[in-house]
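K.L.:
Read off the chains here:
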Amino acid sequence: MLAADIQFMLSLDLRQAETVLAGIIREQMPIRTMTPHGSKMQWLGVARALMTALVLFCIALPLHAAEEEARVLMLYGLDPYLPPFLAMDKAMRESLASETDRRVIFFSESLDSQRFAMETLEPQLAALLAKKYNALRIHVVVAVSRTALDFFERHGEQVWPGARVVFVGFLGYEFKPSALPPGASAVLSILDAAGTIDIARRLQPGARRIVVVSGVAEVDRRAEQQARKALAELDERVPVEFLSGLPLPELEARVAAEPPDSIVIYLAQFRDRDGRPYEPHEVLRAVVKTSRAPVYGAAETMLGLGAVAGSVASYESRGRLVGEQVRRALAGGPPDPSRSVLAAPNHCVADARALQRWSLDVGRLPSGCEIRFADVPIWRRYWWQIALTLAIVAAQATLIVALFAQRRRRRLAEQAEQAQRAVLARASRLALAGELTGAIAHEINQPLGAILTNADAGDLMLDSGRDRRDELRTVLANIRRDDLRASEVIQRLRDLLGKQKLERKEFDLNEVVGDLESIMRAEARRRGVALEIRRAPGTLAIMGDRVQMQQVLINLVLNAMDAVSDESEARRTVVVSVAKGKSGAVLAVRDRGRGIAPEHRTKLFESFFSTKRNGMGLGLSITRTIVEAHGGRVWAESGPDEDTVFQAELPLAIANGASSPHAA
Amino acid sequence: MSTTPLIHVVDDDSSMRTALLLLLGEVGFEARGYSSTGEFLLQPLPDRPGCLLLDLRLPGPSGLELQEALQRQNIMLPIVFLTGHANVSSSVRAMKAGAVDFLTKPVKRDILLDAVQRALARDATQRTAREKADRLHVRFASLTPRQREIFDRIVAGKLNKQIAYELGIAERTVKREREQVMAKLDARSSSDPGRLAELP
Numbered sequence: 001m002l003a004a005d006i007q008f009m010l011s012l013d014l015r016q017a018e019t020v021l022a023g024i025i026r027e028q029m030p031i032r033t034m035t036p037h038g039s040k041m042q043w044l045g046v047a048r049a050l051m052t053a054l055v056l057f058c059i060a061l062p063l064h065a066a067e068e069e070a071r072v073l074m075l076y077g078l079d080p081y082l083p084p085f086l087a088m089d090k091a092m093r094e095s096l097a098s099e100t101d102r103r104v105i106f107f108s109e110s111l112d113s114q115r116f117a118m119e120t121l122e123p124q125l126a127a128l129l130a131k132k133y134n135a136l137r138i139h140v141v142v143a144v145s146r147t148a149l150d151f152f153e154r155h156g157e158q159v160w161p162g163a164r165v166v167f168v169g170f171l172g173y174e175f176k177p178s179a180l181p182p183g184a185s186a187v188l189s190i191l192d193a194a195g196t197i198d199i200a201r202r203l204q205p206g207a208r209r210i211v212v213v214s215g216v217a218e219v220d221r222r223a224e225q226q227a228r229k230a231l232a233e234l235d236e237r238v239p240v241e242f243l244s245g246l247p248l249p250e251l252e253a254r255v256a257a258e259p260p261d262s263i264v265i266y267l268a269q270f271r272d273r274d275g276r277p278y279e280p281h282e283v284l285r286a287v288v289k290t291s292r293a294p295v296y297g298a299a300e301t302m303l304g305l306g307a308v309a310g311s312v313a314s315y316e317s318r319g320r321l322v323g324e325q326v327r328r329a330l331a332g333g334p335p336d337p338s339r340s341v342l343a344a345p346n347h348c349v350a351d352a353r354a355l356q357r358w359s360l361d362v363g364r365l366p367s368g369c370e371i372r373f374a375d376v377p378i379w380r381r382y383w384w385q386i387a388l389t390l391a392i393v394a395a396q397a398t399l400i401v402a403l404f405a406q407r408r409r410r411r412l413a414e415q416a417e418q419a420q421r422a423v424l425a426r427a428s429r430l431a432l433a434g435e436l437t438g439a440i441a442h443e444i445n446q447p448l449g450a451i452l453t454n455a456d457a458g459d460l461m462l463d464s465g466r467d468r469r470d471e472l473r474t475v476l477a478n479i480r481r482d483d484l485r486a487s488e489v490i491q492r493l494r495d496l497l498g499k500q501k502l503e504r505k506e507f508d509l510n511e512v513v514g515d516l517e518s519i520m521r522a523e524a525r526r527r528g529v530a531l532e533i534r535r536a537p538g539t540l541a542i543m544g545d546r547v548q549m550q551q552v553l554i555n556l557v558l559n560a561m562d563a564v565s566d567e568s569e570a571r572r573t574v575v576v577s578v579a580k581g582k583s584g585a586v587l588a589v590r591d592r593g594r595g596i597a598p599e600h601r602t603k604l605f606e607s608f609f610s611t612k613r614n615g616m617g618l619g620l621s622i623t624r625t626i627v628e629a630h631g632g633r634v635w636a637e638s639g640p641d642e643d644t645v646f647q648a649e650l651p652l653a654i655a656n657g658a659s660s661p662h663a664a
Numbered sequence: 001m002s003t004t005p006l007i008h009v010v011d012d013d014s015s016m017r018t019a020l021l022l023l024l025g026e027v028g029f030e031a032r033g034y035s036s037t038g039e040f041l042l043q044p045l046p047d048r049p050g051c052l053l054l055d056l057r058l059p060g061p062s063g064l065e066l067q068e069a070l071q072r073q074n075i076m077l078p079i080v081f082l083t084g085h086a087n088v089s090s091s092v093r094a095m096k097a098g099a100v101d102f103l104t105k106p107v108k109r110d111i112l113l114d115a116v117q118r119a120l121a122r123d124a125t126q127r128t129a130r131e132k133a134d135r136l137h138v139r140f141a142s143l144t145p146r147q148r149e150i151f152d153r154i155v156a157g158k159l160n161k162q163i164a165y166e167l168g169i170a171e172r173t174v175k176r177e178r179e180q181v182m183a184k185l186d187a188r189s190s191s192d193p194g195r196l197a198e199l200p
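In order, the protein sequences belong to chains C and R.
Start counting the first sequence at 1; every next residue gets the next number (the numbering used here).
Start counting the second sequence at 1; every next residue gets the next number (the numbering used here).
So that you can see chain R by itself, here it is in the shape it has in the complex (with noise of 0.2 Å):
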C-alpha cells in the first residue's frame, strides 16, 4: 500500500485540467485528471490517501452528483470544489455534504495547496479512524455469543451480579468472561467498551 497521496482532478476544461495537474506534480503530489464525473467513477479507486478536486459544473452529472454518489457508496473521499462561478446555493449545498473547501477559478496557488493539505489530513485522519475502527470490529468479531450478551451489559453499566441475575449464570462465570472480553478487546477499564460499542 502507497503512501504518496493520489489527487483526482475532475474539470472538463482541457487547459485548466493539465494546468492543475502540471501544479500539483511540481509540489510533489501525484495527481490524475477525468474529463467528467463518468470518466472517474469508471476508473478502480486505488486504496490509497488522496483527495479529490472537483469542478461544480460539467457535462453529465455535476461535481454535486458525484459527490453525493460517493457519499451513498461510503466513500470517504475529502473533496475541494473548483468552480469557475459559484452561486450561493451550490456552495452551501456542497459545504453542508461535507466539503473540504469550495474554491473559486482564478484560484491562488496558496489557497488551492492549502486545501488540498487539508483535505489530505482529513483523509488521514479519516484512515487511521477507520483502521482503529477496523481492528475493533475484529476483535469484537472473536467474542463468544455468551461473551457478547455480556459485553452488552457491561456497556449498558451493569454489575456482575445484575448480569448473572440477567443471564442466570453464576457471579463467578461472568468475572471470568469479562476478564476474558476485556482482554479481547484490548480495554484497560470498563468504560472503554462504551467507547466502542459507539463506533460504527
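Bound conformation, chain C alone (with noise of 0.2 Å):
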C-alpha cells in the first residue's frame, strides 16, 4: 500500500505531495493507537511513515520556496454533474487559469440534497468532512445552491476554519445579500419568469392558457413562488394553471391534452409529489415530447433540450463571476461591498429548431434575441472552405479544359504540319520527277523501243515462209520481259509520285538504292556522270516510309550530280553507299565537286536556300525533315580538295541490327 501511495505521489505534482503525506500520517496514527499489543507492528508504522516523511521531505523541499497553493472546494447541494453546474465549472476553471498566477486545486463535496434528505445525514456528513478536511486548509468554499451554503453557514467553522465563501445562487430563488455570512459573496442568478413567460407571450400572442410546470422540492418550490410573483405583476388576462410536482407519466398526459395554442413555461422539477427524485432535464425532456403546445425554459441549458425560449443568464457568464468572487477572497482583505453580490444578465435565448416544430414566427421574438442551434445551410457555415474547393475545382477543371485543349490546338498544329510537310514532300518529289524527265524516258524508251524492234523483227520472221517457231518464241519472251520493264519503271513512278500517305514499314535500305538503281544510272548517263554504288552486305533494316527514303536518296544523287557537273570527267564521280554504322544504317553519297563553301555550311539543310541557279531550296530541307522524323540525322562533310559525302544516320529497326533472316 505505501509503494502505491508513493508511487501516487510521484506521478502527482510536487505541490500536492505536502497533502499526500499528511494523509499518510493520518492514517498511520490509528495503527499505533489501536494496536496496544503489537509492538513490532508499531514501530514498523512509526518507522515506515518517518521513511516515507524523509523521502518526501527531499521530494517537497523546494515546495516551501514556492507561494502557497490555493485550496477552492466546490460545494453543491445538488448533483455537481447537472448541465448547469458542467458549464459553470468549466468557465469558472478557465477564468481562473487566465486570470490568477497563483496555483489553484480544486476539491468537491457534494451534499446531493435533492436526492438524500439531509436533515438526518447531515451530522455524520459534517463529523465525515471534519475528519477529512482536518489537516487540509480550505481558502476558499464556493457554496452552490442555498442548501450548500445553509450547510456551510452550520458547519464551515468547524470543517473548513478560516475558509471565505462565494455562494452560487441557481434557479433564482429569492436572496437577500444581508443574508449572507459576514465576509462571504454571491453570485446569483434571477430565475426571470416573467421575462421568459413575456417571450412566450409574443411568440404566441393568440395564447388561451399558460401551463407552469414545476416540482415540489425546496427549489422548485422557490422557483414556482418566484413565477407566480412574476404572473401576477404582469397581470395576464390569460388563465394561468400551475402543474406542481406530477409524476412524470401523469405530467406528460396532462400536457399532451394541452391544445397546441397554450404556453407551457417549465421551470424545474427535482421531485413529484410522491417524493421520487427527477433530473429536472428529463422531465423537461419528457414534457418536450409530448406536449402539444410550445414549451418555455428559464434556464440555459434547457434551450437545446427542446424549450423554444427564454430569459436567461449564460452558465458560462456566471462561471466568470464566480471565478472573480473566488480570485477576490483568495486575494483576502476586507470585501468590497460594491462587489459582494454579483448577478449575470439575463437575455433572450431562442431555439431555432423548437421554434421550427411548433411553427413559431422568428419574427416576433424581441429584438436581439439570441437564436441558437439555427440551421445554418452547409454553404453558410463552411461557405468560405466551399468557396475555396469550389475555386480549386473550378481552377483544375480550368487547367484541365486548357491542356486539353492545348493538346488538341497542338495536335491539330501537328496533323496540318505534317500535312504540310507531306504536301511539300510530294510537290518536292515532282520537281524532283521533272529534274529526272529525262532519265525516265530513256528508262522507258529503252524496253518500248526493243519491243517494237523485237515485233518488227519478229514480223519479218513470219513472211519469211519458213517455220521459225522457236525463234519467234524467243523474240516474244524478249517482248513480254521488256514489256514488264517498263512497266516496272511506271510502277515505281507511281510509287514515288503518286502517293500521299505515309507508311511505317520495316524495309532494307538496300532495297530503296535498288528501287532507283536504273533511274540513277540512266540520269548519271545522260549528265555524263560515272555513278558508282555500293551495298551493304546482308540486310539494314528501317523502319519508316520507304518512298520518303527514296527521296532522300534521290535528292542526295542529284545534287552530287549537279555539284560535278561543272568538273572534269575525271571528277564527275558520284558514288553511293549503304553500309552500316555506329548507331545505324548509313547512306552516304559522295561526289568529287568543288565542296561547300563554309559560310554556306551552316545553311545547307535550311529551307529556301540553294546555291543553284534554278534550285528551290527545299531539297536538303525535306531531306533533314524525312531523316529526322525516321529518328536519324542527316549531315555534310566537306573540305578543301575532299571529296563532299552528305550521309544520313538511321536507326535500326531491330536493335542487334545487322541481318535478318527472311530478307537477303
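Hints listed in this document are in silico derivations from the structure and should not be mistaken for laboratory results.
It should be emphasised that the depicted structure is a prediction, and the values quoted were computed from it without experimental measurement.
Treat the hints with caution; some may be incorrect.
Stated by the list, open to error - Cβ-to-Cβ under 8 Å is the rule here; a few derived chain R residues that face chain C: (1) T18; (2) A19; (3) E26; (4) L58; (5) G84.
We put the beta carbon where it would ideally sit given N, CA and C, even for glycine.
Assembly of the complex is requested from the two constituent chains, each provided in isolation within its own frame, with the hints serving as guidance.
P.N.:
Encoded structure:
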C-alpha cells in the first residue's frame, strides 16, 4: 500500500505531495493506537511513516520556497454533474486559470440534497467532512445552491476553519444580500420567469392558457413562488394553471392534452409529490416530447433540450463571475461591499429548431434575441471552405480544359504540319520527277524500243515463209520481258510520285538503292557522270516510309550530280553507298565536286536556301525533315580538295541490327 | 574485199541491241553489236561498206564523243543515232557533225531501215569518191618534179609560153611535158587537172 502511495505521489505534482503526506501520517497514527499488543507493528508503522516523511521531505523541499497553493472547495448542494453546473464550472476554472498566477487546487463535495434527506445525514456528513479536511486548509468554499450555503453556515467553521465562502445561487430563488454570512460574496442568477413569460406571449399572442410546470422539492417551490409573483405582476388576463409535482406519466398526459395554442412554462422539477426525485432535464425532455403546445424554459441548458425560448443568464457568464469572486476571496482582505453580490444578466435566447417544430414566427421574438441551433445552411457555415474548394475545383477544371484544348490545338497543328510536310515532300518529289524526266523517258523508251524492234523482227520472220517457231518464241519472250521492264519503271514512278499517305513499315535500305538504281544510272549517263553504287552486305532494316527514303536518296544523288556537272571528266564521279554505321544504317553520297563553301555550311539544310540558279532550296530541307522524322540525322562533310559526303544515319529497326533471316 | 554491208550497233541496253541485231539480220544485213563505245573502238574496223547505229547515252564516252573521235581519225563511217531520249542540243550537235539521222526509240522499222539505207548509200558514195581520189593520188605521184611544176602552172591557168619563161626552159619542152602530164593523169582537157588539184 505504501509503495502504491509513493508511486501515486510521484505521479502527482510536487505541490500536491504535502497534502498526500499529511493523509498518510494520519492513516498511520491510528495503527499505533489501535494495536496495543503489537509493539513490533507499532514501530514498523512509525518507521514506515518516518521513512516516507524523509522521502517526501526531500521531494517536497523546493515547495516551501514557492507560494502556497490555493485550495478551493466546490460544495454542491445538488448533483454536481447537472449540465448547468458543468457549464459554470468549466467557465469558472478557465477564468481563474487565466486571471491568477497562483496554482489553484479544486476539491469537490456534493450534498445531493434533492435526492437524500439532509436532516438525518447532516451531523454524520459534517463529522466525516471535518475528519476529511482535518489537516487540509481550504481557502475558499464555493457553495453552489442554497442548501450548500446553509450547510456551510452551520458547519463551515468546524469543517473548513478560516475558509471564505462564495455563494452561487441557482434557479433564481429570492436571496437577500444581507442574508450572506460575514465575509461571504455571492453570484446570483435571477430566475426571470417574467421575462420568459413575456417572450412566450410575444411568440404566441393568441395563446389562451398558460401552464407552469414545477416540482415540489424546495428549489422547485422557490422557483414556483417566483413565477407566481411574476405572473401576478404581469397582470395576465390569460388563465394560468400550475402543474406542481405531478408524477411524470401524469404530467405527460396532462401536457399532451393541452391544446396547441397554450403556453407551457417549465421551471424545474427535482421531485414529484410522491417524493420521487428527478433530474430536471429528464422531465423537460418528457414534457417537450409529449406536449402539443410550445414549451418554454427559464434556464440556459433547457434551450437545446427542446424548450422554445426563455430569458436566461448564460452559465458561462455566471462561471466567469464565480471565478472573479473566488479570486477576490483568495486575495484576502476585506470584502468589497459593492461587488459582494454579482448577478449575470438575463437575455432572450431561442432555439431555432424548436421554433420551427411549433411553427412559431422568429420575427416575433424581441429584438436582440439570441437564436441558437439555427440550421445554418452548410454552404453558409462553411462558405469560405466551400468557396475555396469550388475555386480549386474550378481552377483544376479550367486547367484540365485548357490542357485538353492545348493538346488538341497542338495535335491539330501537328497534323496540319504533317500534312503540309507531306504536300511539300510531294511537291518536291514532283520537282525531282521534272528533273529526272530525261532519265525516266530513257528508262521507258528503252524497253519500248526493244519491244517495237522485236515485233518488227518477228513480223519479218513470219514473212520469210519458213517455220521459225522457236525463234519467234524467243522474240515474244523478249517482248514480254521488256514490257514488264517498262511497266516496272512506271510502277516505281507511281510509287514515288503518286503516293500521299505515309507508311511505317520495315524495309531494307539496300532495297531503296535498288529501287532507283536504273533511274539513277540513266540520269548519270545523261549527265555524263560516273555513278558507283555500293550496297551493304546483308540487310539493313529500318522502320519508316520507303518512298520518302527514296526521295532522300534522289535528292542527295541529284545534288551530287549537280555538284560535279561542271567538273572535268575525271572528277565527274558520284558514289552512293549503304553501310552499317556506329549507331544505325548510313546512306552516304559522295561526290568530287567543288565542295561546300564554309559560309554556306550552316544554312545547308535550311528551307529556301540554294546556291543553284534554279534551285528552290527545298531538297536538303526536306531531306533533313524526312531523316529526322525517321529518328535519324543528316550531315555533310567537305574539306578543301576533298570529296563532299552527305550522310544520313538512320536507326536500325532491330536493336541488334545486322541481317534478319527473312530478307537477303 | 566483201561487198555485204556490215552494220555496227552500239547500245548498252542488251535487249535493244539484241532486237536490233535480229531485225537487221532479218532484213539481210550483217550486223555486229557492241555494248559501249570502247568495245567498238577495240575491235578492228574491217574495210567493208557499212554504217554505225549509235546510242547517244552510253556508259563511259557517249555516242557524240565517239562521233568526234571517228572524225578525228578520218574514219568516214556514216552514223545513225538512236536514242531513248533526245534533246535539241544533242541532236543539233550530232547532225552538224555529219550524222545521217537522229532517231528516237521506239523507232519504226521503215524509218530505221530507211536511215540505214541512206547511211549505206552515203557510205557507198564516199567509198567511190575516195577510191577515185586514191587513184588520182597514185597518178599524181607518178609525175616527175619538173612535171609537177608544170602541172601547178597549168592548174593556175598559165600558157605554155609563160610557163617556159617562168621555168627558164624551152616552150617546146613545156609542151611535151604537158602532154605527158595529161596522159599520166588521164585528163582530157586542161581543166581536168584543176579538179584534180582540188582533191584532198
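K.L.:
State the violated hints by number, sorted upward, taking the hints as numbered earlier in the document.
P.N.:
none
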